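Use the sequences and the hints to build the structure in full.
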Amino acid sequence: MELDIKHQVLFAIYSEYQKDIPNMQNVNFKSLDMDSLAFRVALLKLQNEGLIDGLVTCPPGTRLAEKVKALLMEGVMPTREGIEYVERKLEVARDLSGREKLKLVSDKLGRLGYEILKEFVAAQFK
Numbered sequence: 001m002e003l004d005i006k007h008q009v010l011f012a013i014y015s016e017y018q019k020d021i022p023n024m025q026n027v028n029f030k031s032l033d034m035d036s037l038a039f040r041v042a043l044l045k046l047q048n049e050g051l052i053d054g055l056v057t058c059p060p061g062t063r064l065a066e067k068v069k070a071l072l073m074e075g076v077m078p079t080r081e082g083i084e085y086v087e088r089k090l091e092v093a094r095d096l097s098g099r100e101k102l103k104l105v106s107d108k109l110g111r112l113g114y115e116i117l118k119e120f121v122a123a124q125f126k
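Reminder that position 4 of the sequence shown reads as 4 in our numbering, one-by-one numbering, no gaps.
Honestly, the hints are just simulated from the structure, not real lab data.
Fair warning: this is a prediction, and the values are worked out from it, not measured in the lab.
Ideal Cβ positions, reconstructed from N, Cα and C, are used throughout, including at glycine.
Treat each hint with caution, since some may be false.
To be verified - Pairs of lysine to aspartate or glutamate residues, derived as DMTMM-like cross-links and limited to a Cα-Cα distance of at most 25 Å, are as follows: (1) LYS89 x ASP107; (2) LYS108 x ASP33; (3) LYS67 x GLU84; (4) LYS19 x GLU66; (5) LYS19 x GLU115; (6) LYS6 x GLU119; (7) LYS118 x ASP107; (8) LYS6 x GLU87; (9) LYS6 x GLU115; (10) LYS69 x GLU84; (11) LYS67 x ASP53; (12) LYS69 x ASP35; (13) LYS69 x GLU2.
Unchecked claim - What follows is a set of in silico ranges between Cβ atoms, one per label pair, in the way DEER data are often shown: (14) GLN25 x PRO59: 16 to 26 Å; (15) ASP4 x LYS67: 28 to 38 Å; (16) GLU91 x ASP4: 34 to 44 Å; (17) ARG99 x GLU66: 15 to 25 Å; (18) ASP107 x PRO59: 33 to 43 Å; (19) LYS30 x GLY54: 30 to 40 Å; (20) GLU66 x ARG111: 29 to 39 Å; (21) GLY98 x GLU74: 15 to 25 Å; (22) GLU100 x THR62: 21 to 31 Å; (23) GLU2 x ARG94: 32 to 42 Å; (24) GLU100 x LYS67: 39 to 49 Å; (25) GLU81 x GLY61: 20 to 30 Å; (26) LEU64 x ILE21: 28 to 38 Å.
Next comes the structure, spelled out in structure tokens:
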């Protein structure tokens, strides 16, 4: 499975969300080792597609990634559709605990060769 940057960001948000007390500020371009502009574009696309909600852009309402001065991640969460999408894509059973989901996602990403994303997910349950 080939993962573009948008999917990598969505999987990271999903993983952070599985924690008892998520801190979405942990999901950033540095922790995912990706380009800042590509990260901003991915977040704007995910919100536009209804897979995440709660992203705040500065200036407010900005939809062009190049014009975004800052993104506030504090209120970001995957939508029900976003959760179902990730679980379907990675074949994660809905009835698993958050910790079990994180372990499964980390293992699958590792097998697919996405080491940085695997390390990010694995750090969520340490």
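Hints, verified against the model:
no.	hint	in the structure
1	LYS89 x ASP107	14 Å, holds
2	LYS108 x ASP33	19 Å, holds
3	LYS67 x GLU84	31 Å, violated
4	LYS19 x GLU66	31 Å, violated
5	LYS19 x GLU115	20 Å, holds
6	LYS6 x GLU119	18 Å, holds
7	LYS118 x ASP107	7 Å, holds
8	LYS6 x GLU87	16 Å, holds
9	LYS6 x GLU115	16 Å, holds
10	LYS69 x GLU84	31 Å, violated
11	LYS67 x ASP53	20 Å, holds
12	LYS69 x ASP35	15 Å, holds
13	LYS69 x GLU2	30 Å, violated
14	GLN25 x PRO59: 16 to 26 Å	20 Å, holds
15	ASP4 x LYS67: 28 to 38 Å	22 Å, violated
16	GLU91 x ASP4: 34 to 44 Å	19 Å, violated
17	ARG99 x GLU66: 15 to 25 Å	39 Å, violated
18	ASP107 x PRO59: 33 to 43 Å	41 Å, holds
19	LYS30 x GLY54: 30 to 40 Å	21 Å, violated
20	GLU66 x ARG111: 29 to 39 Å	36 Å, holds
21	GLY98 x GLU74: 15 to 25 Å	20 Å, holds
22	GLU100 x THR62: 21 to 31 Å	38 Å, violated
23	GLU2 x ARG94: 32 to 42 Å	25 Å, violated
24	GLU100 x LYS67: 39 to 49 Å	41 Å, holds
25	GLU81 x GLY61: 20 to 30 Å	22 Å, holds
26	LEU64 x ILE21: 28 to 38 Å	33 Å, holds
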